[in-house]
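Protein chains in written order, with this note's numbering: chain A, 1 to 313; chain B, 1001 to 1272.
Please keep in mind that the hints were generated in silico from the structure rather than gathered at the bench. Don't take every hint at face value.
Just the calculated beta-carbon pair ranges, DEER-fashion [said to hold, decoys possible]:
{"no.": "1", "chain 1": "B", "residue 1": "Thr1093", "chain 2": "A", "residue 2": "Asp278", "range": "42 to 48 Å"}
{"no.": "2", "chain 1": "B", "residue 1": "Ser1246", "chain 2": "A", "residue 2": "Thr279", "range": "58 to 64 Å"}
{"no.": "3", "chain 1": "A", "residue 1": "Gly294", "chain 2": "B", "residue 2": "Pro1186", "range": "53 to 59 Å"}
{"no.": "4", "chain 1": "B", "residue 1": "Met1191", "chain 2": "A", "residue 2": "Phe280", "range": "28 to 34 Å"}
{"no.": "5", "chain 1": "A", "residue 1": "Lys42", "chain 2": "B", "residue 2": "Asp1198", "range": "35 to 41 Å"}
{"no.": "6", "chain 1": "B", "residue 1": "Val1228", "chain 2": "A", "residue 2": "Thr279", "range": "39 to 45 Å"}
{"no.": "7", "chain 1": "A", "residue 1": "Gly231", "chain 2": "B", "residue 2": "Asp1253", "range": "52 to 58 Å"}
Residues on chain B that point at chain A, a partial pick, calculated with CB under 8 Å [as the list claims (entries may be wrong)]:
{"no.": "8", "residue": "Lys1108"}
{"no.": "9", "residue": "Gly1118"}
{"no.": "10", "residue": "Gln1122"}
{"no.": "11", "residue": "Ser1125"}
{"no.": "12", "residue": "Gly1129"}
{"no.": "13", "residue": "Ala1134"}
{"no.": "14", "residue": "His1255"}
Straight-line C-alpha distance at most 20 Å; calculated DMTMM-like pairs for lysine to aspartate or glutamate [unchecked claim]:
{"no.": "15", "chain 1": "B", "residue 1": "Lys1002", "chain 2": "B", "residue 2": "Asp1214"}
{"no.": "16", "chain 1": "B", "residue 1": "Lys1168", "chain 2": "B", "residue 2": "Glu1229"}
{"no.": "17", "chain 1": "B", "residue 1": "Lys1168", "chain 2": "B", "residue 2": "Asp1214"}
{"no.": "18", "chain 1": "A", "residue 1": "Lys155", "chain 2": "B", "residue 2": "Asp1106"}
{"no.": "19", "chain 1": "B", "residue 1": "Lys1108", "chain 2": "A", "residue 2": "Asp50"}
{"no.": "20", "chain 1": "A", "residue 1": "Lys42", "chain 2": "A", "residue 2": "Glu8"}
{"no.": "21", "chain 1": "A", "residue 1": "Lys19", "chain 2": "B", "residue 2": "Asp1137"}
{"no.": "22", "chain 1": "B", "residue 1": "Lys1168", "chain 2": "A", "residue 2": "Asp50"}
We treat Cβ as the ideally placed atom computed from N, Cα and C, and that holds for glycine.
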Amino acid sequence: MKKIATREAYGEALVELGKENPDVVVLDADLAKSTKTIDFGKQYPHRFFDMGVAEQNMLGTAAGLAAAGKIPFCSTFAVFATGRAFDQLRNSIAYPRLNVKICASHAGITVGEDGASHQSVEDIALVRSVPNLTVFIPADAVETKKAVMAAAEIKGPVYIRLGRMAVPVLHEDDFVFEPGKALLMREGADATIIATGIMVAEALSAARQLAEEGLDVRVLNIHTIKPLDVGAVISAAKDTKAIVTAEEHSIIGGLGSAVAETVCEHYPVPVYRVGIPDTFGESGTPAELIERYGLTARHLVEAVRVTVRLDWK
Amino acid sequence: MKQETIAWLEGKAREIRRHIIRMTAAAGSGHPGGSLSAADIVAALYFHILRLNPNWPAWPGRDRFVLSKGHAAPVLYAALAERGFFPVEELLTLRKLGSRLQGHPDMKVLPGVEMSTGSLGQGLSAANGMALAARLDGRDYRVFVLLGDGETQEGMVWEAAMAAAHYKLDNVTAFLDHNGLQIDGPVREVMSVEPAADKWKAFGWDVQVIDGHDAAQILRAVETARQVEGRPQMIVAETVKGKGVSFMENQVDWHGKAPKPEEAEKALAELG
Ligand SMILES: Cc1ncc(C[n+]2csc(CCOP(=O)(O)OP(=O)(O)O)c2C)c(N)n1
Ligand SMILES: [Mg+2]
């Protein structure tokens, strides 16, 4: 299967967008080569601003650009976009509902060797709690491109979570990205794996393995964490009576929490959260880390087996 | 500069100060000290310097003013109301449930507010963004911004200072409300920002130091700033916190405390 990192697709999408829309401007904080905004910078140097190692100022400047009618896309690593500059994201962008797109790359532990300081395990929790913000987590390169285009159409702040590691391409090019709609990747009646980002591919692989054991598993791809497709989550609870969530993020505050909140309120069924346990990451290869932190298809298979067996009365 | 212009601006500043007292008194909370210290600057901006149209607040060619020290919202609201952006009577709704006059400025609800501020240290970055947009769009508007001296303890201010000089944003003019006080005491004692003028110079800005309560000096400084090419301009305005109300002047306690009715009466009598 072809593999492309979502950040690569982001870089390409920006260049396309730049061609279509002269109001698109791009800002980076000395990571343009890593976040791939450099491609836009080369094509449209007068619409590209490197703000240096100053993430707070980058988001604040983007707010001003948006207030004056531009569509700024800002990139840095997810750790810094949400951690270092959270107050700017909240007060200068989300509260005034300014048209800024924060495209954070190197999310999660698949950053790899750089270690815990650079591995955001809590960014979804942070952005999910901020009013006015739309949050996309694309699962592959195709989804990323469409999410970037969709973000440009949305009049308001958007956070897009991107990864460093090359991941399988799941969609055909003609795939239709509908913001706020969970994507049914596979139908099933015995359990649902609700996955986001790079875990969607793992979920599909887990579902195939479980099918061999006679377990019929639905897979939902939540590319829009916010607004969450509450209807699809409730249907999954009602139809399959067991849910496993899958995300490359802490089990606290992310997709798992969002699903658990929804299910508890509307139709309680067992929800098992697969994600990074409440801990920071560490150095290692991405493959070693997803194994160590329990983010592989094998871990999802285990989780589904346990969850469907839970007798919940 | 005409003497009448100066006298007129002084009158406007006095009216703005009276509004600040009435509004904060009616609200029972708010920030009179830093609003009063900025009244002459804000009056000069809204009644002489800024190119704007109250009947078309979103006019793309307008000059922008970003109140980075958002807690001084009363001074901004008073000027906007006096300038005709919304009815003067609305000033008394400050900080009340449902009011467009939020405790700190909200650009989405109140016409004339260019940026939502309140979390200190962010306004200059936003001003820079607007100035960059002006350049991209080939527009000649200027962006003015007002910073508190305590506010410049925020690291982000210096990120923005660096960026404005780096991108040669000569369409950005900043004022520093150099009143020497913040919440916990004198700025010099809490965390000195001195020598303030030299710091801005070192960051590549054109710097002037003026009396921030002298309308003629404010207008002249802005005229001088307009001539500067290739560099952003900082006007360090020497001010007195609580200016115009004797018992509030230089009193750290009047940073974030509203006058009681009898105090408000006394203040209004003094202001004339
Ligand atoms: C980021 C942030 N931290 C703290 C505060 C609380 N606060 C409000 S005003 C203020 C002091 C500001 O002092 P200065 O900038 O000198 O303002 P002025 O004297 O002009 O009122 C503080 C700490 C805030 N609004 N924002
Ligand atoms: Mg001060």
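To see whether the hints hold, each was checked on the structure:
1. B:Thr1093 with A:Asp278: 42 to 48 Å: holds (46 Å)
2. B:Ser1246 with A:Thr279: 58 to 64 Å: Roughly 59 Å apart at Cβ, these two residues keep to the hinted range, so it holds.
3. A:Gly294 with B:Pro1186: 53 to 59 Å: holds (55 Å)
4. B:Met1191 with A:Phe280: 28 to 34 Å: The hint (28 to 34 Å, Cβ to Cβ) holds, given that Met1191 of chain B and Phe280 of chain A are roughly 32 Å apart.
5. A:Lys42 with B:Asp1198: 35 to 41 Å: holds (38 Å)
6. B:Val1228 with A:Thr279: 39 to 45 Å: violated (53 Å)
7. A:Gly231 with B:Asp1253: 52 to 58 Å: holds (55 Å)
8. Lys1108: holds (6 Å)
9. Gly1118: holds (7 Å)
10. Gln1122: Holds, about 5 Å.
11. Ser1125: Since chain A brings a Cβ to about 3 Å from Ser1125 of chain B, closer than 8 Å, the hint holds.
12. Gly1129: Result: holds, 2 Å to nearest chain A Cβ.
13. Ala1134: Ala1134 of chain B check passes; min Cβ-Cβ to chain A is 7 Å, inside 8 Å.
14. His1255: His1255 of chain B check fails; min Cβ-Cβ to chain A is 20 Å, beyond 8 Å.
15. B:Lys1002 with B:Asp1214: holds (14 Å)
16. B:Lys1168 with B:Glu1229: Holds. Lys1168 of chain B to Glu1229 of chain B sits at ~8 Å (cutoff 20 Å).
17. B:Lys1168 with B:Asp1214: violated (29 Å)
18. A:Lys155 with B:Asp1106: holds (18 Å)
19. B:Lys1108 with A:Asp50: Given that 20 Å is the threshold and the Cα spacing comes to 28 Å, the pair is violated.
20. A:Lys42 with A:Glu8: Between Lys42 of chain A and Glu8 of chain A the Cα gap is close to 15 Å, so the pair holds against 20 Å.
21. A:Lys19 with B:Asp1137: holds (17 Å)
22. B:Lys1168 with A:Asp50: Measuring from Cα to Cα gives roughly 14 Å; hence the hint holds.
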